[in-house]
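Peer 1: Based on these hints, arrange chain B on the given structure of chain A.
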Amino acid sequence: MNNTDIGSPILNISIFAAFVLVTLVVVLRASRNNKTAADYYAAGRSFTGPQNGTAIAGDYLSAASFLGICGAIAINGYDGFLYSIGFLVAWLVALLLVAELMRNTGKFTMADVLSFRLRQRPVRLAAATTTLAVCFFYLLAQMAGAGGLVSLLLGIDDTVGQSIVVAVVGALMILYVLVGGMKGTTWVQIIKAVLLIAGAFVMTVWVLALHGFNLSELLGAAASVAGEDVLNPGRQYGVSDISRIDFVSLALALVLGTAGLPHVLMRFYTVPTAREARRSVVWAIWLIGAFYLFTLVLGYGAGALIGADTITSAPGGVNSAAPLLAFELGGPLLLGFISAVAFATILAVVAGLTITAAASFSHDVYASVIKKGNPGPGGEVKVARITVVVIGLLAIVGGIGVQGQNIAFLVALAFAVAASANLPTIIYSLFWRRFTTQGALWSMWGGLAAAIILIAFSGVVSGSETSMIPGVDFSWFPLNNPGIISIPLGFLLGWLGTVLSSRKEDPAIAAEMEVRSLTGHGAEKATSH
Amino acid sequence: MSNDARAASRIDFEKVEASPPFHDLKKRHRAFVWPLTGAFLVWYFAYVLLASYAPDFMATPVWGNINIGLLLGLGQFVTTFAITTWYVSFANRRLDPLAAEIRADLEAQEGVAR
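Protein chains in written order, with the numbering used here: chain A, 1 to 529; chain B, 1001 to 1114.
Bound-form chain A, shown alone:
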């Protein structure tokens, strides 16, 4: 199938342009009150739980999870579904162990909480490094996805054209984050989440209606096209013993990574209280859960109505399942809508990552480490804005550089780093009084290094035809997902570093952190204008 005969690129671009126009107006209106750091990083802590929960869903349901999971279910059936379950169950870790306690003890960034009762500069530096690493991997994956979408949706196949579109997406994102700060970014995510979930809902009802609202009939139709095994686990991950262990490793990173993703954690500071942080997560869980149930129907629907062969041979490959299904159901108009939402998704997720990375650099590295806590009036926000531009430009250059590269593993790597380097220190800081600076540093640096080194020497980087660097082979790590080694290592190093510490931390501050985390005493209040 030639990409020019599905849908109309002009219609797709027009709908996306309308989205950009509407969100730009909203961002400009929202940016009027961006004066202080609390306004710029945390939207003045003025969002409600339901608003923030919707924004979290908008942040979390990236193009990878929408297009990727639909495609994975269409091609690999049950194994794609298995993937989405890890992404959902992970939210319970955030709900039960992290969200409210983080909200009560931090101000803007993850490092605020981790360094609360430990030595400031080394802990902040380590936490900022892991934050930037996670944001960078995630950002690159999103930008690479943008290129693939361009060829599918806009009919642009040449490298120059794709690069221009990546640059336009990047420039728009810089504009949003620069002008709108966290408030503008949040509204973009809310609007996008509503459009995405509504669009997926309509398509889900449509697919079910075509199969008499009978899930069994839909599954039967998918199985008759692709073979009985799409309904059973194992098509993708059950190939060998190594692939099974690899899947368990991935499952571990997914379920423990979410609560350590810095751009998710930062969203908890945009609400006024811990109770609203809890409501945020509850809304996020319902929206994300509903969405993944939709993708189950959409994935099998695409498998049944379009067929795996047509999907894999279409431009964009696996990612084209959802757009092709939209075209099959609702013609060019629905395809245009879904395409525009997919672009909006990339824009919103990239914006959320950029503001997180910028906040971490200016608040943790610039203000606390370089300026030793005295950045001067307005200095921090100014540095944050400069960082936004720098990260945006890096994302554009990186996004153009990785076009056509097989870097789908980067999202899984971001989750593995979050679970290995961030989560152990977060959990120990919040729940283990004896935890020390040395434990935090060993866990963060060790977890980060382990995840990256194992990936660098795995088959995804070298050693096979589908590797990032084909033709050379320096791989010795048999798995594609480092989590099963690096996550226990992160926890172990945190414990070991603590019990081997000669220096004890101040018990008064540990007591203060514990009291504040559970009662919300002294927590940052909403700013009023």
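Calculated directly from the structure, the hints in this document are not laboratory data.
What you were told as hints is all true, and nothing was included just to trick you.
25 Å max Cα-Cα, derived DMTMM-like pairs, lysine to aspartate or glutamate:
1. A/K504 with B/E1017
2. A/K525 with B/D1012
3. A/K525 with B/E1107
4. A/K525 with B/D1105
5. B/K1015 with B/E1101
6. A/K525 with B/E1014
7. B/K1027 with B/D1105
8. B/K1015 with A/E505
9. B/K1015 with A/E524
10. A/K525 with B/D1096
11. A/K525 with B/E1017
12. A/K372 with A/D506
13. A/K371 with A/D506
14. A/K525 with B/E1101
15. A/K504 with B/D1012
16. B/K1026 with B/E1101
17. B/K1027 with B/D1096
18. B/K1027 with A/E505
19. B/K1026 with B/E1014
20. B/K1026 with A/E505
21. B/K1015 with B/D1105
22. B/K1026 with B/E1107
23. A/K382 with A/E524
24. B/K1026 with B/D1105
25. B/K1026 with A/E524
26. B/K1015 with B/E1107
27. B/K1027 with A/D506
28. B/K1015 with A/D506
29. B/K1026 with A/D506
30. A/K525 with B/E1110
31. A/K504 with B/E1014
Peer 2: Frame of chain A; chain B shown alone:
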């Protein structure tokens, strides 16, 4: 050098931490979240391991084309939604009122200290 997320306070937090109401709050919180976290992680990994190592069992048809694997997968959604609802109702009933009480007490203490 101090953490700028930590406002200066004259409250003796070690005393607060040792006080019976706070001790009670901490116990209630931890006695709820940790066993539940353990339970959902065990249930999740049991499911992942079944899907990885017992695909034939998961493929057992139950009704039409719906097999055990799909039902267990949907079961993960159900338990996630159920745990969420349970925790919120627990926190609203058993944690929030006690936390608000201790917080009000701390704010009163701070008022006196100033």
